[in-house]
Amino acid sequence: MSKLRVVHYINNFFAGVGGEEKADIPPQARDGVVGPGLALSKALGEEAEIVGTIICGDSYFGENTKSAKEEMLKLIEMYNPDIFVAGPAFNAGRYGFACGEMATFIEEELQIPVVSAMYKENPGVDMFKRDMHIIETEISAADMRNAVPKMAKLVLKLAKGEEVGSPAEEGYHERGIRVNYFHEKRGSERGVGLLVKKMNGEECVTEYPMPVFDRVDPLPAVADITKVKVAIVTSGGIVPQGNPDRIESSSATKYGIYDISGMNDLSADDFMTVHGGYDRAFVTENPNLVVPLDVMREMEQEGVIGELANYFVTTTGTGTSVGNAKGFGEHFARKLVEDGVGAVILTST
Amino acid sequence: MTNIVLVTNNSVVQEKFGEKLDVNHLPQATYLETLEVVRDKIHAGHKLLTHPLSGSVKPNDTPYKTIVISKAKGTLDYDGLGIIEESMASAQKFIAGRKTPQWTDKVKADFRLIDFTIISTAINSMDGKFIG
Amino acid sequence: MRLELGKIKITDVQPGEVTKVENGTLFVNKQELIDLAMKDDRIKGVKVEFARPGESVRIAPVKDVIEPRVKVSGTGAMFPGMINKVKTVGSGRTHALVGANVITCGKIVGFQEGIIDMSGPTAKYTPFSETFNVCIVIEPVDNLETHDYEQAARLAGLKIGALVGEAGRNVEPDEVVVYETKPIAEQTAQYPNLPKVGYIHMLQSQGLLHDTFYYGVDAKQMVPTFMYPTEIMDGAITSGNCVAPCDKVTTFHHLNNPVIEDLYKRHGKDLNFIGVILTNENVFLADKERSSDMVGKFVEFLGLDGVIITEEGYGNPDTDLMMNCKKSTEAGAKVVLITDEFPGRDGKSQSLADAVPEADTLVSCGNGNVIVEFPPMDKVIGTLDYVETMIGGYEGSLRKDGSIEAEIQIIIASTIANGYNTLSAKMY
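Residue numbers (numbering that gives the first Met the number 0), protein chains in the order written: chain S, 0 to 348; chain X, 0 to 131; chain G, 0 to 427.
Isolated chain S (complex conformation) (with noise of 0.2 angstroms):
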């Protein structure tokens, strides 16, 4: 019996290459085990091989998804795969998208198993945890050796065609998928039990996880705006030319805090877009248009506002974690607050 083909996908850091530096590196093919590829190979034994290794920059990935896909395609269909494995990517958010991206596209193009593996809060887990397997990982990549034989159990399962266990069994993320099933007790019976042990003040465990309300209320409307100094945040990835913070353009991990004193609009000389998720010709034109300085200023002067705070704060939306979002959040508010801004444009895209 010939060993399964399996093609292993991997970024610039594990191929590497290099780091943020070479993260626009376009994809490439290299035959064999590259990096982690090893731990893989061993993990997926005598009944598959690593056959090829395509590399591919998370930032090159982010902002040419489509290319890339068709490009990593052609490369992959060279091998003629009959699995394909993507990660892990443990907390890296472009790099879980990208993973997400091309496994669930190699799935539908070649209709071969495909498997990855990320942390919770990596944003990929919530976009692709519905359409594909994604094991469950810790933090970061020194839980390598926990994940890399999860994922090639997994898959070799799906290449087999045997039975998928339940998440806790084979250790992916839940994929908020129901499947029926004959329990031992009737449902009354159930209920009654969790009944009781709810008025105990007993640990209890639904059978169906209402979605999640996470709603912040809000204040009550701004008495009178005219008297309120106002601040522009964005999430639409306004920044200085060059990027000197090097905000990323997707699953952005920090934010920036940047002067717009004495000016009345932004001038596309002295700022640029780093967002990922829209096509950005028009407004590198016409930064303006995700950040309303002329507009807002404009507002100042004619008294509509009472004031304009001098900086806006600025990271990308597109593909960051709740978490890290929460965080940005609860960060720069405070700065907020100590500057006297009573209330906050919010511009997405």
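Hint data in this document are derived by calculation from the structure and do not stem from the laboratory.
Don't take each hint at face value.
Think about it this way: if two alpha-carbon atoms lie no more than 25 angstroms apart in a straight line, the pair counts; the simulated PhoX-like pairs of lysine-lysine are [claimed, not checked]:
| id | chain 1 | residue 1 | chain 2 | residue 2 |
| --- | --- | --- | --- | --- |
| 1 | S | LYS184 | G | LYS425 |
| 2 | S | LYS196 | G | LYS268 |
| 3 | S | LYS196 | G | LYS325 |
| 4 | G | LYS399 | S | LYS149 |
| 5 | G | LYS106 | G | LYS181 |
| 6 | X | LYS105 | G | LYS399 |
| 7 | X | LYS105 | G | LYS347 |
| 8 | S | LYS197 | G | LYS425 |
| 9 | G | LYS347 | X | LYS107 |
| 10 | G | LYS106 | X | LYS105 |
| 11 | S | LYS184 | G | LYS29 |
Keeping the supplied structure of chain S fixed, place chains X and G upon it in accordance with the hints.
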């Protein structure tokens, strides 16, 4: 009952209630399109008076739906908006799984009848009562 | 109220000269049943056929299922307000022919509903594949109006259920279970240290083919009220609901309400079962506000520490379910919900049409959208002509050889949302 409007794609509702009540009949609208019209009306300030997913016949089985809204416009009916949006999401989920079949005339007549009787009893229930 | 329920185990059904029970076999005089049904001049013809567990028999389309019972002592008679005088029931002694059922079949509307397979891979989805069924196939007079047909079929089922139930009057039961609920002050005093629990029973109440009756009163016209749990065992609640077979609560399920049974099982042990709050599922949104406010009021007034809530139907009732959950929680009770799910065929979508944060403890009765294969059966009681227009069936689902591919929605009581079955769903 001059303070309500029936939004419907069910010709039987138009036929039986058209004289006495304000009926917004959308003869060409699909089930989902009827719900969309109601949603737009809620956005405009009308109040939702009946539940859009009335009846146990699923949104991808029956082609007909009648929903009652207030004639007057007021401040945004948040609860109603939530209900119509959830109902639309629910309908889309069923229809995405399996489209509404091309029923025979007899079956369509039965679906119209069920929709009509359900909304009639709801309307009778409203008669004389405060509807906000 | 104290009721002794005498369970007579039925292990076979056979035709006979006299309708009676002998050594566990229910003998049925078919003509007697036909004559009784034909007294209603809205009915043109009646056929009586038997279906036994394990037989290669398919019953379709099913309207209602009624367990034959008889009141041996105590006030009132079975199905008060429907086929007998209105008199409060639920006390004394009642006999039930357990393991036998009367099943009404008939094509009331063009979209039919309800399949029962007595054997094969889908038999496990319905409890009625394991009972000895007396099937009544009802044909209406020509051009009978739909409302009239529904009523005629419904009453025929109840009358025949009561008639057959009579056969159990003088038979010594195999088992007698005693259920008792005292008036509130006494009940509270009986188990002062146990948490007080109520059952909020939501009744389908939307209109034609979507109705439920309490002592003959249309649930649409009720405001929430209190019921002693044993009343339901004597048929105080009857079903006029014929739509969405999978979560239709048949009259059998009212008589054998599993939440009431399972609460009684632990009554006096780790809970004090106070009683049942009946409420409805009206389409008029203000009715929902009114009913759920009143449910909350009952929870508070009765001092309930915990409640279980069940619903019937999908979509519209999910909103009532959530309102009742929220208001019961606000009234100080811990809440557990029991319901079925419709997350789409791939199981990936939202299972319920509504949601509130308070609904944090829920028992699932399964995903009704799952597609299953029904092999052909040797005999069909009723007709298969309309399978494709049954809820859960679809174009191309009925094949020439009699096999069917359809959602489990099409099987009677397969995902019934009162917890009667063991079918459930989990997250993958």
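Worksheet item: For this structure, which hints from the list above don't hold up?
Response: Going through the list in order, the structure violates hints 4, 5, 7, 9 and 11 and respects the others.
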